[in-house]
Amino acid sequence: MIHRVKWPVNAVLIAIAIAPPTLPGGPAPESNRAGRDGWSLQPLVPPKVPGNAPGTSPIDAFILDRLKAGGLNPPSPANRQTLIRRLSFDLLGLPPTPKQTADFIADLRPDAYERLVDAMLASPHYGERWARHWMDVARYGESDGFERDGFRPNAWRYRDWLIDAFNADMPYDEFARMQIAGDVLRPGDAQGVIATGFLVCGAYDEVGQKQQSAAMRAVVRQDEMEDLVGTTTQTFLALTANCARCHDHKFDPIPQAEYYRLVSSLAGVQHGDRDITGEPLKHAAEDRAAAIQVRIDLLTQQVAAVAVLNPVAKAEIEQLNIEIGQIRSQQGRARATRTYAVVPGPVGPTHVLRRGNPAQEAERVTPGGVAAVPGVAADFGLSDSASDRDRRMKLAKWLSDERNPLFARVIVNRLWQYHFGRGIVETANDFGFNGGRPSHPELLDWLATELIARHWSLKQIQRLIVCSATYRQSSELNAEAARIDPDNRLLWRQSPRRLEAESLRDTMLSVAGELDPRIGGPGYEDFHTFTHNTQFYEPRDFVGGTFNRRSVYRTWVRSGRNPLLDVFDCPDPSTRAPRRALTITPLQALALMNDSFVLRMSDRFAQRLQREAGPELDRQVTLAYQLAFARAPDAEEVAASQRIVGRDGLPALCRVLFNCNEFAYVD
Amino acid sequence: MTDSQSTAVDRRGFLKWSARGLGAVALASLLHRDALAETDDRGALPTLPHFAPRATRAIQIVACGGLSQVDSFDYKPELIQRHGQSLGGGAKPDVFFGQVGLLRRSDWAFKPRGQSGTWISDLFPNIAGSADELTLIRSMVADTSNHTPATFQQNSGFRLNGFPVLGSWLSYGLGSESENLPAFVVIPDARELPPGGSINWTSGFLPARHQGVTFRASGRAIDNLVPAQAIPVQAELDARELLGVLNRRHLLRHHEEDALAARVRSYELAARMQLAVPEVTDLEGESEATREAYGIGQAPTHDFGRGCLLARRLLERGVRFVQLFSGGALGSPRINWDGHEDVKANHGQEAARIDQPIAALLRDLRQRGMLDDTLILFTTEFGRTPFTQSGANTVGAGRDHNQYGFTNWMAGAGLRHGFSYGQTDEVGWKSAVDPVTWPDFHATVLNLLGLDHKRLTFYHSGIRRRITNVSGQVIGPILA
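In order, the protein sequences belong to chains F and B. Last residue of the first sequence: 722 (the working numbering), numbering continuous. Last residue of the second sequence: 492 (the working numbering), numbering continuous.
Just chain B, with the same shape it has in the complex (with noise of 0.2 Å):
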């Protein structure tokens, strides 16, 4: 043994003091001073959520590679007429490809839905249908027209690697409302990782537990959940009583240590998510009739409907935050929504995998009661350009990255339903009212969680760094 066993003497009476008093203030020394960095029950910083939430968890739908406003939710009658024109105006639009076309109208027809009388176009015939869930922004912009950074800005609110992502930022103000579950999970397109992997998650500087965690939706749901060779029932249960006596032992001997009994509770906890990441990701318990609402058991809609379903489960036992990302790796075949060479067919592709899906999400929901308290986010990195990718004196079939104009929706709790919020131009190219960026758009997602975004903060480097950087409006009108 250690010299420190000539302490155990008056052990007894030491730790009957030390479970009323020196505890916690170990624990304060562990923790930092600032109130900032302390954390209660759920893991959520005690002073949050600042004000009243609308809402208390989200799941954000993310388009990877850029939707086309004009095909989908930005209407624009001008553009029809104008098919074949060339866009005009001042100097030729600096686009990422160079290459501007003709203006192109858009392959699928649009009509006026629900009693809203909203706008959306055949591409999305399902979520047309839960028109009047929706609140859209047609008025997005971006600071880039590269994929990546404009990724990474959708994602943290910053061009560079490196920085806390959104579900990371609720993670440190929030928590999670669940014992056994983490409050920021992942859920990748089946096909691939989204370009930049693992870096869309990061926790940036934040500590590393606010990373998203990955859940695959078929398979193996997280990495290390069982051993990963067979051990008999019996030895894990000899093996975990020994290394409470052990860990026992060695934590009489520090007095209690706080770090050193939070590590011993890390392992009760592991044991119990054991028991909750198969319970979540098994979807066969759920009813035929909601299986198949989602797309379940048929393609083109099997993997994103599992998404889909997983992620509404995952909320219902208490996850803060999910994302579910569409489309994978950039380039040829393509696997996401960045339709260069052909939208019509690019977009005709993605859009029957997660249509039918999230229509089925956003009726679930509401049956459920769970659209009162939960926001719907749907998002992607930028828009494409009206006029196509191709010769300046044709129209062709593909369109370009555009930065300057986009439509991002929400749905769900605090929020103005079945509403339009902004404008591009006549033809849809860049945004002309009400322009949104990606920090106003950070700031009212934070808004309806109950959050004042210009006072969630962390220090790093010099800077009580928040995720909308300098600027960021909440969206007033949007609002309920």
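With the rest of the complex left out, here is chain F (with noise of 0.2 Å):
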């Protein structure tokens, strides 16, 4: 198929995600608007699963079902050296090693990827990879946005909260209340508190909170209050309760009064540092600092060094002495006994605002949730002078009642989601008139209530989810049911993916044996900073030592974004991203192809193959395919490798390895 291509689509710049959702089958709904007999709000009633394919699992089952209902064959199995890559990335989001790849095709016991899905789970990488999911959709960023972008330095101890928190596998109940009100459900626990990032972890207007006018600092006060319900609704219930400021909710049966009533529930939360000194902490911040001084010492050292050796070597040192500095503050915040968190503050009455205008109260509303919601109270029971405690507390527990079958259905859609790429209903944050429809209701209920009777264990629903046929089968095109189902809805194959973009940056630094694995911590700060009133961060790309840990310990403030992981769709974090883009563009070309970090990366590839293959051409080749893909080069590709090994260097071959579709995507 030709195109005449214009930049920058078509064909060429592919955008899935977000896009307005479309159902499968059936009519469209005849009323604009839904009543409380919306599918989502439906009693969650455990579903029969269908019978006629004895032997395999219930998620195969409805697959199966309406793979059969749409004249389409089951699936045929993915290999193992594609499944092991696969399973990779979607649970640890990193490639597998040559020795993991070669062990696991080897092992010929018949549960040996049963073995190999439980090591990973188990991987304290499976936190670092499933946090990052997580922070999208709770728009998490470590400084102000607006107008000063002021620095969070103690923002970071949510990530690590989150981390833990899945790879431990905290029942998701627990989970999710802990990060409304862990303050006040597990007092002296500093666990609590910091798990409270959740609520503050957006952006915050510090000089609109401070200007002189009373009517402007209501009305920014109004809009934070609007990001907190919304993000609250959004992600634990796929309820866009923030679209009934200002009016009733045009599409889902949320009235204006029962918006302001979630107000209510949120009312006492402020944003701030919180002081944890002398409550236990989990991560020994110590350890770290001092593991920092080393690295202090070290380029000191070489700073010292190569001022004695060539005085004029000012830029090196300057690079160097600002990577000092980077560190320094690393440090400082690891020793900072503070956590960015939610600081209770005073709560007054409040009211219905008309057209959302802080200058035109109408009634007064207690604490309380959405009333269409059914099996769970939507009135908390508490006065307009409830304390912030038991607002956060009784929000805490309506959102995650097993009763609540919002809360259930949309934690296991995010998870079917981030294994195939989709979910069964196509809008995570949105289970509304206007979001999709789930591809296979029954499926989603099942898993739904499969959660609850294993005690809310996400890596048990995953284990499920990961062990199914459906999930082991082959990415392979097939024309006949691409005709018949082009979206792939009905899951006849798995969907080659892109890697994200932290996945991407990750796995050259793996690949190229430089990633730094250490776990937790502040975050790496990969820009220069300067104030000059507002807050600036330029992008610096530092080398070696901190700047080689996982993305996932970037330091994400909102104006300095990483331009690499930028390209590769990394959401703003400052807007909620419960899907990704996916995009395909000249820029990412120019960015894998120039980058300094990716060129840098290269070089490390091809000093690691010399260090591990030997110097034999052939098998450095073999290893560096190995590495990269997971798999060996063939004759074809082992002769053109050496030639251009031959002309223009071992890094030129790693270079173009990178930027390979192989290396990129995911079948």
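Honestly, the hints are just simulated from the structure, not real lab data. The beta carbon of each residue, even a glycine, is placed where N, CA and C say it ideally should be. There may be inaccurate statements among the hints.
Cβ-to-Cβ under 8 Å is the rule here; a few derived chain F residues that face chain B [what the hints assert, rightly or not]:
no., residue
1, G200
2, A258
3, V274
4, Q289
5, T295
6, H587
7, N588
8, P618
9, D624
10, P633
Per the computed footprint, the stretches of chain B lying under chain F, defined by three or more beta-carbons under 8 Å from a beta-carbon of chain F, are [stated by the list, open to error]:
no., stretch
11, 96 to 109
12, 159 to 166
13, 170 to 176
14, 210 to 219
15, 258 to 272
16, 277 to 289
17, 472 to 483
Each of the two chains sits in its own frame; use the hints to bring them together as a complex.
Next comes the structure, spelled out in structure tokens:
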């Protein structure tokens, strides 16, 4: 198919994601809004598993049922090297090592795959991968945004809390409650305070909150409440309650008054650092600070050495000094016994505001939830003078009650989305009238009831998903199936997926043998920061050490985004990203061909090959393919690769491998 | 090789077939079935524009920090007469810093200009020379007098972080006319980025390819255009050749999967961009007379002159929307229009940087016939108070923020030229006749570009979002 291609798109730039939902089959709803009869507001009833395929897992039974009905064939399995690469990226966000791949292919035990799954679910890198997904939803950032974009040196503890919670398989209902009200549910436990970072990790308009005009301050506060209510209800319930700020929700059964009941529930939430001195901290910050000191000493020696050898090497010394400064900052942050979290503030009466305008107060409301959600009482039984403590505790319980059918449905849908590239419901943050309809409603409910039966263990649900034949099937394009179901909504194959920005960077580090695998601690600061009233963050590509940690440990300031990650669709930390956009652009090609980080990793990758494969070129080439693609090269590839190495050196080959489709895509 | 090679038996026939049908099928599976998500050759949504556009491209010049309307484009004789008096009226004005001094006349004389007799002050003597090209909107109102939320509102229609800006919406809706250049280019002030930095050109929840690409008017134009380490030409060619071979083999194993083929093409486009960007940013090819007209080579117009000339060259080559910032970060010393302390010194300094280049741009576009299908926008996030920011009984030198009344102007395609729309009250404090909101302004800009603001939408978290949120009225009287 030949297109006349113009930049920047057409087939060239493919935007999947976030687009308006489409319904597989079924007539369009006749009404232009949903009442309480909306599909997602129905109580959770364990669905009957189709029994027409004995011996298959329930997940596969649901999928096969629809495939058959659609005239499609059951899936064919992927081969083992494809499987281990897919599983490793999905669960850990990192590629398998050549040894892991070889061991798995050679493992003839019948449960070899399940053993691999269990090992990966137990890896500490699992939490890093899944925390990053959650950070997208939580609009996680480490600076204020708006005019001043002030730095939040103690925001990282919430990110670490997420990583630990995923690694420990914290029951999901507890995971949710901690993020809304951990400080009041677990008095005396620093982790409870840290968890509330969820509510306040969005942007904060410091200038607006401090301006002279009380009327304008009130508007800023109401904007902030809209963000809080929106993030909370979308994240846990896929309800867009924020749409009811100015009027009743136009599409879903959420009256304006209920929006303000939610505002009332969160009315005590203020931003700030909280002191956690004396409370037991899970991570020994001192250890980390000590390790950082070792690095500072090393760099200081380097500075001295450079100065002696070559007194004019000013640029190099400056670079080292900048890095020392950055690391010192991290050291201070590791030692600080503070965390950016909810600071409970005074709560007064909450009013409904006509047209959302703080100057037009209507009736008073008490804290509460959304009455259209069945199974749980929307009235929290609190007066309008209730404490912040009681408000958030009740809200946390209302959200996470197992009788609230949205709560379980929403999270299993997110898990599914991150394993298949698309949820059973395409709009992970919106299960309302405007959102998508489930492609497999019974499967969604089966997963939700299973999650509750398994005591809210996310890892157990993921284990069910990745062990299914549906997940393990090949990604091969089948012309007949593509004609019948071009969207692959029935899952007749796994969709090939491009690595996310962070995985792409982490994989280059890993393949080059440069990845610093330490878990947790203050993030690396890949920018030079200066203040000119506003705080500025100028991106810098610092070399080595702490800057070679996984991208999840980046310090995610709002105006200082990393250009390499940015260009690969890393979301704006100021906006909720329930599903990332996925684009293909020439700017990505320029970045992967020319960026200083990529070129440096190509050099290091080459050095590693020489180190580990010895002097023989064909062994170097073989190891290169095993590391980059989890497979050996064929004869033609060896010949072509040896040719370029002979002409342009080993780094030239490494650079090409980083740019290959096979490197960037997972089958 | 992977075991998918077993399918190679019938590859030739398969590919022949796929060239006819499967490619399109698979493409449809990757793009969304909803028509709005599919794009045509220009990267535009296929149903767009909604109607015949009056303009096909635009430049927006942003005066960062708050340009004083009563010192520039909003002539108020009564302010001269009432100099030194208090504003009077009811409650004390609710201004950002809370200090309300006495009314102050402008330090610049106003004169009727051109055949239209449009009143413009001597703050912009060169722009005033093109008064008959301009369409003033003198009754702008914003929702806030806080810089950053107001700047966000100017750019995206919303006071908050994270919403797509005008340029992103145009990139999403109309794509680029160029094969080699992005749809949306931002040229920041050479001194510094505006407050909020790259947040000001975010694509928000639109796909990342719609965010503004920053071009520097001097030095290295864009990042990563050339390798960070020097690579010999032959080695670069070798690398591309091997990459092509490996990707081609991978593509065959994957039955010409469209996303993979698209990625291969993106490398070809990148190579074309590597040629196009140095060409468009090379201002040395312009005549000496042109460079001089834009003020290049002379302080204080050099930087902005380069920006304006670059903007013209980008538009000529098919870029859809160029945003030029006049002014950087807030704070002291002032390098933007935020004249709290001394409007005369501050505005004098800033206007001297941009007046000649903007006038040159208007003339140049007119001479080249480009003003017939190009829209020029000159905007500021809010205006300034007609009274000074000082003690209650004094006439100070600075003015505070004013969200209630300020002036933007447009020029170019589809407009009534030499026309002034809307009025503030007799001293220029609040909009009094035909107030225009940012959603009205954005709706009008989209209309001029052939877009219905109510139909240019993108689904995000429960809402089909649009730049005008729930309001927006096209300003009919300013259209030609």
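Would you list, in rising numerical order, the hints stated earlier that this structure does not obey? Hints that this structure does not satisfy do not exist here, as all of them hold.
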